[in-house]
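Asker: Mind docking chain Z on chain Y? Use the hints.
Protein chains: 2
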Amino acid sequence: MKEKGILFILSGPSGVGKGTVRKRLFETSTNLQYSISVTTREKRPGEVDGVDYFYKTRNEFEELIRNGELLEYAEYVNNYYGTPRKYVEETLEKGLDVFLEIEVQGAMQVKENFPEGVFIFLFPPSLEELKNRIVNRGTESEELVINRLKEARKEIDMMDAYDYVVVNDSVDKAVEKIKAIIQAEHLKRERIAKQYKRILEDE
Amino acid sequence: MKEKGILFILSGPSGVGKGTVRKRLFETSTNLQYSISVTTREKRPGEVDGVDYFYKTRNEFEELIRNGELLEYAEYVNNYYGTPRKYVEETLEKGLDVFLEIEVQGAMQVKENFPEGVFIFLFPPSLEELKNRIVNRGTESEELVINRLKEARKEIDMMDAYDYVVVNDSVDKAVEKIKAIIQAEHLKRERIAKQYKRILEDE
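Residue numbers (UniProt numbering), protein chains in the order written: chain Y, 1 to 203; chain Z, 1 to 203.
Treat the hints with care, since some could be wrong.
Identical copies carry no separate label here, and so any pair may be met within one copy or between two of them.
Calculated lysine to aspartate or glutamate pairs in the DMTMM-like style (CA-CA distance at most 25 Å, straight line) [as the list claims (entries may be wrong)]:
| # | residue 1 | residue 2 |
| --- | --- | --- |
| 1 | Lys173 | Glu3 |
| 2 | Lys154 | Asp52 |
| 3 | Lys111 | Asp157 |
| 4 | Lys23 | Glu89 |
| 5 | Lys154 | Glu89 |
| 6 | Lys188 | Asp157 |
| 7 | Lys4 | Glu112 |
| 8 | Lys111 | Glu63 |
| 9 | Lys111 | Glu62 |
| 10 | Lys173 | Asp97 |
| 11 | Lys150 | Glu116 |
| 12 | Lys94 | Glu142 |
| 13 | Lys23 | Glu143 |
| 14 | Lys173 | Glu60 |
| 15 | Lys94 | Glu112 |
| 16 | Lys173 | Glu190 |
| 17 | Lys94 | Glu42 |
In short, the hints are calculated from the structure, not lab data.
Bound conformation, chain Y alone (with noise of 0.2 Å):
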């Protein structure tokens, strides 16, 4: 009587810190697998198909898209990503949560393909505060800033796509909210009811 795993989908504005926030949570939980991606750009030495993605040609890709095998995908600098429908539920299917770290474009992606996931909009302490960590990066010009605020506002009124919205105050503090979202998700009636009435049976 095994219960099966849930896709989590953490997501919010650019620089927001979900890369962040992600690594540490792999750091501390045991029971969370990566998605992997499926992507038509070359392997790089040292990569290896189905750990680091699943390797595409761009017409395997295309047909990905067109029998809707994959539950996002975006093109970068003339190559696809995408996350892969079979290899997400085969995961959930022995167990795992699969948690997948997406921008929101691609969040409202899945959102729309597997409704069923849970969704977690990573939300800045403050616009300010924002704006301070993308020039931070130093990596950017003014312009470039101005218009990544301008996104993040369009960003932030996605929000009502999702189950939470988790405060990033704190990399430790935003981590652990995320695992006792994870754990009260598990605790849902509606995903286990069906097993406990099977306890109930067995009587």
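Answerer: Here is chain Z on its own, set in the frame of chain Y:
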């Protein structure tokens, strides 16, 4: 911009250990408030009105019933006991969570009168263990035990009205799970979206 508290209702079959779990939870949680009941039973020495109970006459209590001012009520040994809506709502407004441990019949009344509460069903590890627990109390006859078990099966069928199911295989684990539920509920998007949107507007 204070966040409102949440009403949590812990319920479950007779003998499952609701009281023990509630007690341990209160030893380790700081933002939880007991729900103070209103009763028609006489005040005992040392008890304080508004601390142990709100003490009312039968007439006063029946007026509360008529005016819909009770989230639930029941009569035991010729005395009424109930949960006053006003006290709960005032405590929630202060930003405190209210925690109500109650039999399933009462929980279903609360569900009807306060559906925005979060309903947690405490589940026995198995009906067999439930039976042992009841027997080991040593205070009831065989017939009573059999009746309680029958009742428990009915109560377990009521699980569907709850938001979460927590198996009470160990008090510590059950308490940890309930704390995760409390934390996750405070992170739900529908509860805090308004709050965050206000942050955005303040920028």
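Asker: Please go over all the hints and tell whether each is borne out by the structure.
Answerer: Each hint, compared with the structure:
Proximity of Lys173 and Glu3 under a CA criterion of 25 Å is satisfied inter-copy only: 18 Å between copies versus 28 Å inside one chain copy. Proximity of Lys154 and Asp52 under a CA criterion of 25 Å is satisfied in neither setting, with 31 Å inside one chain copy and 50 Å between copies. In this homomeric assembly, Lys111 and Asp157 come within 25 Å of each other (Cα to Cα) only inside a single copy, at 16 Å, whereas the closest approach across copies is 32 Å. For the homomeric pair Lys23 and Glu89, the shortest alpha-carbon distance inside one copy (22 Å) is at most 25 Å, but the shortest distance between copies (40 Å) is not.
Taking the shortest alpha-carbon separations for Lys154 and Glu89, neither the intra-copy value of 31 Å nor the inter-copy value of 35 Å comes in at or below 25 Å. Proximity of Lys188 and Asp157 under a CA criterion of 25 Å is satisfied inter-copy only: 16 Å between copies versus 27 Å inside one chain copy. In this homomeric assembly, Lys4 and Glu112 come within 25 Å of each other (Cα to Cα) only inside a single copy, at 21 Å, whereas the closest approach across copies is 31 Å. In this assembly of identical chains, Lys111 and Glu63 lie within 25 Å of each other by CA distance solely inside one copy; the values are 21 Å within and 49 Å between copies.
Proximity of Lys111 to Glu62 under the C-alpha cut-off of 25 Å is restricted to the intra-copy arrangement: shortest distance 21 Å within a copy versus 50 Å between copies. Within a single copy, Lys173 and Asp97 get their C-alpha atoms as close as 21 Å, and across copies as close as 20 Å, so both meet the 25 Å cut-off. Neither within a single protomer nor between protomers do Lys150 and Glu116 lie at most 25 Å apart by alpha-carbon distance, with minima of 30 Å and 35 Å respectively. In this homomeric assembly, Lys94 and Glu142 never come within 25 Å of each other (Cα to Cα): the closest approach is 47 Å inside a single copy and 43 Å across copies.
Taking the closest pair of Cα atoms, Lys23 and Glu143 never come within 25 Å of each other, the shortest separation being 30 Å inside a single copy and 57 Å across copies. For the homomeric pair Lys173 and Glu60, neither the shortest alpha-carbon distance inside one copy (41 Å) nor that between copies (47 Å) is at most 25 Å. Taking the shortest Cα distances, Lys94 and Glu112 sit within 25 Å of each other inside one copy (23 Å), while across copies they are farther apart (38 Å). Proximity of Lys173 to Glu190 under the C-alpha cut-off of 25 Å is restricted to the inter-copy arrangement: shortest distance 21 Å between copies versus 28 Å within a copy.
Proximity of Lys94 to Glu42 under the C-alpha cut-off of 25 Å is found in neither arrangement, the shortest distances being 30 Å within a copy and 57 Å between copies.
Hints 2, 5, 11, 12, 13, 14 and 17, counting from the list given before, are not met by this structure.
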